[in-house]
Structure formats: C-alpha cells, structure tokens
Amino acid sequence: DAKTTQPTSMDCAEGRAANLPCNHSTISGNEYVYWYRQIHSQGPQYIIHGLKNNETNEMASLIITEDRKSSTLILPHATLRDTAVYYCTRPSNSGGSNYKLTFGKGTLLTVNP
Amino acid sequence: DAGITQSPRHKVTETGTPVTLRCHQTENHRYMYWYRQDPGHGLRLIHYSYGVKDTDKGEVSDGYSVSRSKTEDFLLTLESATSSQTSVYFCAISDPPLSGGLLEQFFGPGTRLTVL
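Order-wise, the sequence lines are chains A and B. With the working numbering, letter number 58 in the first sequence gets 58, and the count goes up by one each step, no holes. Offset between the second sequence (1-based) and the working numbering: plus 113.
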C-alpha cells in the first residue's frame, strides 16, 4: 500500500501559520497527494490535493517539492477551530477501477490561544 | 453534508454475535468505503466497493465481509464479533477522480461499536 510519513503531533499559536510536513518518497509520477483533516470525532474532510504544482484554495496552500518526495500543508492563519488530525495521503492504486485512499495516523495539530 | 448516513450510530453487542452496519447514500456515488478508527492506529480501510456487486479488500479485512446489491447501500458484516472489533466505523463515498485528479471522499458520521 501507499506510504506517507507525518509527525505525530505539532503545536501552533493562534493567528500564526501552521506548516504540516509529509514525506511520500515512493510516490510515482502520476499520483496525486491529498490532504484531509478530522476534527474531534467527526469523519475526515477533504482540504486540498496536488500533483506537482503548488496549490491554494480557501482552506489552505499545498507546497510540493520539485522531486515530489515531500509536501507541506500550510494553514496561513491558524485558528482554534483548526485543531484537528491532518492526514496526508495518496491513492494506493492508480488507474483501473480501484480508487481508494489509505490514511495512516496523521498529525495532531493543536492550535493554542 | 454529502447525503450519507450510517446506522446504527451506536451499538453494544456480545462476543460471537453477528453484526451488520449499514451505510446509505443519496448522492449516487460509484465508490463506497468502510474504515475503522482506533486510538494509535488512525483510519484503516476495511473493504471498499467500486460498483454494484464489485468489492475489494482493504488493509484490515479479516473478520469482515461486505455486500453492495444497489448503488445506495453498502453493508459491513461482522459474522462473529470479537472484542478486537470494538471501534468507530466510518463509511465514505466518492466518484472516480476527475481530470484534475480529485478523489474527494465524503464521510459519514460514524458508528461506535462496542463488543463485550
């Protein structure tokens, strides 16, 4: 299965940028990287995805290194409501009909007042 | 929300009894997934379906079976529940990736299962 590596936990001060790293050194050329987050006991929620260019949406920015072996999710102005587990993931298989995501343990981001 | 419900939301059962969890969607998405979430393990994929009557195993499929006889329903069955299957179970739905690669999964509210 696809593998990503993330720190177990991180802290961030409210109003500051939160930078969450992810290592995906075995990613292949046509595989996207996805980021989801899970707040408390709710189901995970999609944040952003990317292939090789940096991406930005209303929730976050995604910076992917040129060799695509790692990426960083950036929450530009973290709020207390951003406290959650953040998952970096990629599809286990590409092509065919077997589209699925495996999530791992993610990073617990705690935003402090 | 993406029109996905799970039932029951909470269940307590005894070891050795069969248990069926239901995931129901109103979005007509092609793919459906079952995950379990346990402390220290994150989210782990149990089984998934890529179409009616088309299913495949995930990371932790032992002790679980699934069925999908129609687009809107995906059932997860524990034939003989064990205490190690005490967990929170999440269902998710999605469609095949769009041209921009988006594989956005929408998750249900979860089912908390306790096996005594």
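Treat the hints as calculated values from the structure; they're not laboratory data. Some hints could be false.
[To be verified] Subject to a maximum C-alpha distance of 30 Å in a straight line, what follows is the list of computed DSS-like cross-link-like pairs (lysine-lysine):
hint, chain 1, residue 1, chain 2, residue 2
1, A, 69, B, 170
2, A, 52, A, 69
3, B, 124, A, 105
4, B, 166, A, 52
5, A, 52, B, 124
6, A, 105, B, 170
7, B, 124, B, 183
8, B, 124, B, 166
[Unchecked claim] Covered stretches of chain A, going by a simulated chain B footprint (3 or more residues, C-beta under 8 Å):
hint, segment
9, 32-42
10, 45-51
11, 103-112
In this text, all values refer to a predicted model and were calculated from it rather than measured experimentally. Cβ atoms here follow ideal geometry from the backbone N, Cα and C, with glycine treated the same way.
For which of the previously enumerated hints does the structure constitute a violation, in increasing order of number? Violated hints (numbers, rising): 4 and 5; every other hint is consistent with the structure.
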